[in-house]
Structures are given as C-alpha cells and as structure tokens.
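Same order as they appear, the protein sequences are chains A and B.
Counted from 1, the first sequence has number 372 at position 373 by numbering that gives the first Met the number 0; the numbering is strictly sequential.
Counted from 1, the second sequence has number 264 at position 265 by numbering that gives the first Met the number 0; the numbering is strictly sequential.
Hints may contain errors.
Note that identical chains are pooled: a pair holds if it fits in a single copy or bridges any two copies.
[Stated by the list, open to error] Below 30 Å or equal to it, Euclidean Cα-Cα: the simulated DSSO-like pairs (lysine-lysine) are:
1) 265 / 324
2) 64 / 351
3) 423 / 127
4) 352 / 324
5) 400 / 239
6) 245 / 151
7) 265 / 352
Calculated directly from the structure, the hints in this document are not laboratory data.
There are 2 protein chains.
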Amino acid sequence: MHQPPERINLAIIGCGIRGQEFLENCLKRNDIHLTAIADPDEQMNARSQAILEKYNVKNVRFYNKGKFDYLELYKNETIDAVIIASPWEDHISQAIAAIDYGIIPGLEVCGANNLEECWAIVQKSEEKNIPVMILENVCFRRDMMAVFNMVKQGLFGELLLCHGGFQQDLRSLKFNNGKERRGFGVQLGEQGFSEAKWRTQYSIDRNGDLYPTHGFGPLSNLLDINKGNRLTSIASFATKSRGLHKYIIESPFGGPDCPSASLDFKLGDIITTVFQTIHGETIVLTHDTNNPRANNFGFRVQGTEGLWQDLASGNLEDGLIYLEKYATQKNKWDNSLDLLSQYDHPLWKKYKKETTEVVGYGGMDFLVLHTFIEAVKHKTPFPLDVYDLATWYAITPLSEKSIAEGGQVQIFPDFTKGKWIDRKNNFGIEHI
Amino acid sequence: MHQPPERINLAIIGCGIRGQEFLENCLKRNDIHLTAIADPDEQMNARSQAILEKYNVKNVRFYNKGKFDYLELYKNETIDAVIIASPWEDHISQAIAAIDYGIIPGLEVCGANNLEECWAIVQKSEEKNIPVMILENVCFRRDMMAVFNMVKQGLFGELLLCHGGFQQDLRSLKFNNGKERRGFGVQLGEQGFSEAKWRTQYSIDRNGDLYPTHGFGPLSNLLDINKGNRLTSIASFATKSRGLHKYIIESPFGGPDCPSASLDFKLGDIITTVFQTIHGETIVLTHDTNNPRANNFGFRVQGTEGLWQDLASGNLEDGLIYLEKYATQKNKWDNSLDLLSQYDHPLWKKYKKETTEVVGYGGMDFLVLHTFIEAVKHKTPFPLDVYDLATWYAITPLSEKSIAEGGQVQIFPDFTKGKWIDRKNNFGIEHI
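Make a model of the complete structure from these sequences and hints.
The following block contains the structure:
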C-alpha cells in the first residue's frame, strides 16, 4: 500500500477572489506546502500576499510575468498538484500543460470553450496517466450529500427526473465600479474588477448554459453518469436577453447614455437545458443569472418513491420532501429537515468542525478541497474525474449549438469511450 | 345592445364524475335551464338522476342509447349551449357536431387525438360562426388569477420564463375496484370505475403529455398566446415508465401475478415539454401522474423584475415570491400571501360567496362555468376560445411526435392563421 506523504507540494494558477479562497483554505491545512502562485494581476497578487502574511507563510513564489508565466511555474517548481482557478477560457489549456509536467490538476468549475478541448484533456490524462479532478463544490453541499445518501440507500426508489441549475442574480458581479466585487458601477472588462473584468464578456459573446456544473454536478453523481449510466442527448432553449441591459440603464451609476448601455448581450436571460440518459431519466438544467431573484438553484430529485426539492441555499431545512413511505400526510410536502438530518452524510458529520472553519461557500468548500488533497496524497481515484469534467464542461458548447439550431437535440459524446459501463460511482466515499 | 335572456337552455354530454360536478354547479345557478343529459353509462346516469332529485329538478331528458345518442339530443333539444365532459377521445367530434346544430360547445379539458381534429374544430367554428370555449378551470385558480393580475399590471416586468404542469399522483384513480373512484383495486377498462374505465388506456397507448391544459392554460393567458404572441416550437422528453407497473405489483389488491401486472405502459412517468414563443419566452411543462408525490403543479412565473412559484394547491399562501421592488429581504423568498392578497383578482372578490359554494375543485369551478354561461347569455367573446382550445389540445399529439423522434423540436402550428397579431387578451374581464 502507498504510504502517503505528510504534505504535498501545491501551486495555484489564477489566484483571483476564488483562488484566494482556495489559498486561505489550503493554508488552514497542515498537509499542504504551498510553493507558488501564478497570476498576472498585481492587484490580486497583493491580496494573496496579504493572506500569506495573515497565516505567516513565507517563501511562496509569485509568477506574475504575464498570462503564460504559469508555464515557468510548472517548469521550475516541484509540485504534486495544482489548483486552477483562472478565468474560464484558460482552465483546460493550463491543465493540459500541467499534465505534461506530471502535475495533477484540480480545476475550478466552468463551461468549455469548445468540445475539442474536452476531448483533449481526456486524451492527455489517459496518455500520461495523470488524474484530473473537477473542484465542483456544490456536489458537496450538505443537502445534496444527504439526498445522495438517501438515493443510494434506495429511499427515492428508482430515479426518474432531476432538476437543477445555477440560478442566482449575478448582475452586481457582472458589473461593478472596478474596485469592489459587487455593485456600485456598470463597468466591465479592463474597467471592471474581478469577474467583471472577464466573465461578463461571456454574456456578450455566447448564448448557452455558461455555468452548468453547479447544477449538473450533483445530479450527475446521483444518476451515476459516466459510472453505469451516461447522457445520450442534450437540447437547450434560450429566452430573450433583457436583464443586463435593463440593469445598466436603470443603474444610478449607469443610465441609457453610458457606454455600457450600448452593449449587445447574446446570452439569453434564462437557459433551459434538457438531457436524456441511456437509462431513461430526464434532467432539466436552468441557467438564470441576469435578473433579480431569490437565491435558489432549483434542485428537484424524483424517483418512483417520492421527491425532494430545494427552496434556498443548501441547509437541511431549505427544502420540501415527499417520500411515500415516510410522509406525515398523504400527498403533502414535509419540510426536508427531519429526513435530511437523519441521512446527513458521514463526511459532514466527521468534519463537523472543519466545515465551519473554511472561507468561501461554507463546508462544501472544505470537502471539495479535502477530497482533492486526500486523493492526491493517497493516490486514490478522484470521485469527480476527467470524464466528469469533460462531460460537465461540454454542456456549454453543446447547449450553445442546440440554441443556435432552435433547440435541436444534440447527441451527447461519451468521453469514457464505453468505460461508463463498468466504471463505479465512488462519490461520497472517503478514500483514506 | 343584445338583451341577454334570463336563462339559457343547456345540455351535458358525458355526465360522469366530472360532468356531475358541472351538473350540480349548473343547478345551483338560476340562469340555466338544463334540458338533457347524454351518457351511455347507466351507473353514471343514476348518480346524475340523484343529483337532479337533490335539487328537485324534473323533466331532464336522458339520452342513454349508446355512445352516439348525443346526436339525437342535438337533434331533439332546443339548447343554446352544451357542456362536453365525456371521455377525451370524443370531445372534439362531439363539439363539431354541436356546432353543426348551431349549439355552442364548452369542452372539458384534455389533449387531442391528433392535430387534424384541432384544425377541424377551428375551421368548423369559423365556418359556422359558433364560438367554442375550453373549460379550463385552473386558469381561474385564485393564485393564478392574482399572478395574472400582477403580470398585467407590470409587477413582474417583462416575462421571460414560465413553468407549470399537471403533477399529481393519479395511480389510485387510474386503477380502482370498479366501484369507488379512488383506490382499493388494480382494475381498469371494463372492470374499472369512472376514469379507470377509459383514461388509463391512454397510459398504455400514448407517450406524450396527455393532460397539458391545467399547466399550460394559465401560462398561455399570462403570455398572451394567440393574442399578440404565439408558440413557435415544442419539444418533449419522456422518462422511462415505472410507476404504474410498480403500483400494480405492490398493491395489496394486485401483485406480480394479477392480470394488470402484464400491462405494458407506453407513457413515460414524467414528460417534460419545452415551448418557445415568438417573443422569446420559454415555457416548461411537466406531466407527472404515475408516482407518489405531493400535489403541486409546479408553477413558476418569471420576468425581468422577479418571480413567483407555487408549492401546493392554489391558495394565496401556497407559494414563494421575489419581486425586487417589493421584497422584504434582498435575494430571499417571501411567502406569496401578502402580495397575492393585495392583487387578489376582482372576480374572486366579487364572487366571494359563490366561489365557496360550488362542488368540484372550489371557486375556480364556479368561475369557469360562470364565464362560459355569461358569455353565452351576453353573446360576448369567450376568453378561452377555439384557438386556445386547438393550441392547448394540440400539445398532446405534438409532444408525442417529439418524444417519438427523440426530443426533436416540432414547429407549433398557428391555429389563428395570423390573427394572433391583432387579437387581444380578454381573460379575467367579466363580459357583462
């Protein structure tokens, strides 16, 4: 048996706001030796430096000489793994380069630029025998893991339908004042701060589900996608585009005559995507970021013995459930708290303390990083691996193509090339 | 101006359980002279007779000599209008025959047998200048009418997305003991009672959204479909079929060896249908009747200024709402009660007493009948007319075709032949 090292050597590529959350959570652990950070943005590097100082960590090298300096990092640093939290367009090319250096990449979530890069990372990972993890934190959300636990113990019967999505008002993040992350401006691009600098451009250029994995990942785990099951088709439908323009012209910092008011946003305000699986389940995914709304991803998990739906942000009580054998009243919802508490996932119980101590999005951010680091240390398979990454990232270009064709059904590629038949679902198991 | 008659002469074709609810609600009114009932089922006629006796109504003629005796009714009776609440397959042919006799038909809801009959009723109605109403009661549901009111007053901004559906556990109605309507058996067809006699056969023969109008009708009103807006496409996706077989084999009255256990159900357990409109809205419709669930049609109405979703069965408090200008907390749901009460529809206020006194599904059953009868009396246009009927009924054969083609997008026919451009939405207005 492999004797795990006490610490692994790690670097972060792309250390903006999200990368800094990873950074801080890495520094809270005693099994990571953070050697280097690559980011061309000096404003962000100053923030990262402040975090390092807060934790009294020295000798972390910064690679800040432009967009491609991460290649120098790969060349110079002796690292086991790298966390990639850069702007979306660079994730896969940076990961492929890491693999070429024998470094294991963990990729923050997004959608792919195109299908070809999804195939490319699969092929590179297989060729070099270097595993890849997608750092999809919502897979580890407490309610999703309790529901995962219940599904795998048969409480929902045979699954039939899942809904999910990324449904969150991002307007004040897509536009800001160039200084603060949220609000107080209608700037973007070079004048914007953090995601407004680059992420908003996707709403101008692309009409498709731009951010599929938070909604899709947890459902993929439930349905054993790439692990005994597979997607066969995808079709996407976009509404008109209204919210971002309206936000700009109604903003006290914008108005109908400001430069941003002339922008033309390709992204439909709400993207509805429907998937079919080879075992006959349907998945409905919604991308909804351009208009005011309550934060609620809209999960629904339904089987032959009942269903659950979420209504807010992932706490065990933030949902409704009806399981025929457990319902307190026939054909009436129960609040989800009782059942989900009873089936709270073992990892959430085991890491009760740690899940409260992280920065970012709460306990799920501890668990996604923990899962990555432990698997690297123990050389055990990632539960969310390169096939999941390719499949989940591929939703973006496929949904774009379907929308461009009026909702035409697209065949979903099988990135496992048939291996899905024998692969086993290893999500939610601690590989230690 | 047309002087309305004090009473209209009315008949009912198909007077099963649903027809009897109409019958009783007709007898509660003083502006209807019910002259005749046509139904070949003597068990049902005995129940209708009992209702007539309860209200001390005499001289109602029964046409009970087989399935086509309604044609004798049309020939012999002097009636203004007919309510058609027969098994689904007969609705349109019975309505077309009524029009030929100059009788105004009001049709209970269902899906069409095929597209051709949708065109046929439109053409017949136009040719004879006889209006047709679809008696879609959920359009008049209290929460839906409050939301309609709010949408038309601009509280949601510009609409983007609507969800709805027929999501109700019908297993104990699809199968029964041949005597009681719900449960206590796994009989169907000749051995079943009420809908089990004929409705269940649709789950054996057809894979599509069999019952689209309860979910679609209210959304159609919100989106001005056929009245300034129109559907351009439809695509449908079916899950595997599991629930009905499971119900039969697990029933204490059934089991794996009972005759019903060998039935093969074509109907996928959950049908997801996505529509696109010419103004760029998306509609998602769900048909979900074969498995245990909480009663909740799953409405969601979303515009550029916020959204509402229902969580139960149509009371003003059975939902969540987030409208940016009215929300008590940023990005958090409020219960729907306060806003929906404030915008309670004038018809619900005006008929406060009557809406509590009907049988069937509550106040909406008063309002749908009232709307039909008042429009017949006053010769005013129906708010839910033959174009709505054709459009809503057509969902069934179109969704079937899409599913059969793997989810392929279908062009949605324009039954108004271009008149949608100038037609005005007259729903929710009392035409007196």
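Going back to the hint list, which numbers does this structure go against?
Result: hints 2, 4 and 7 break, sorted rising.
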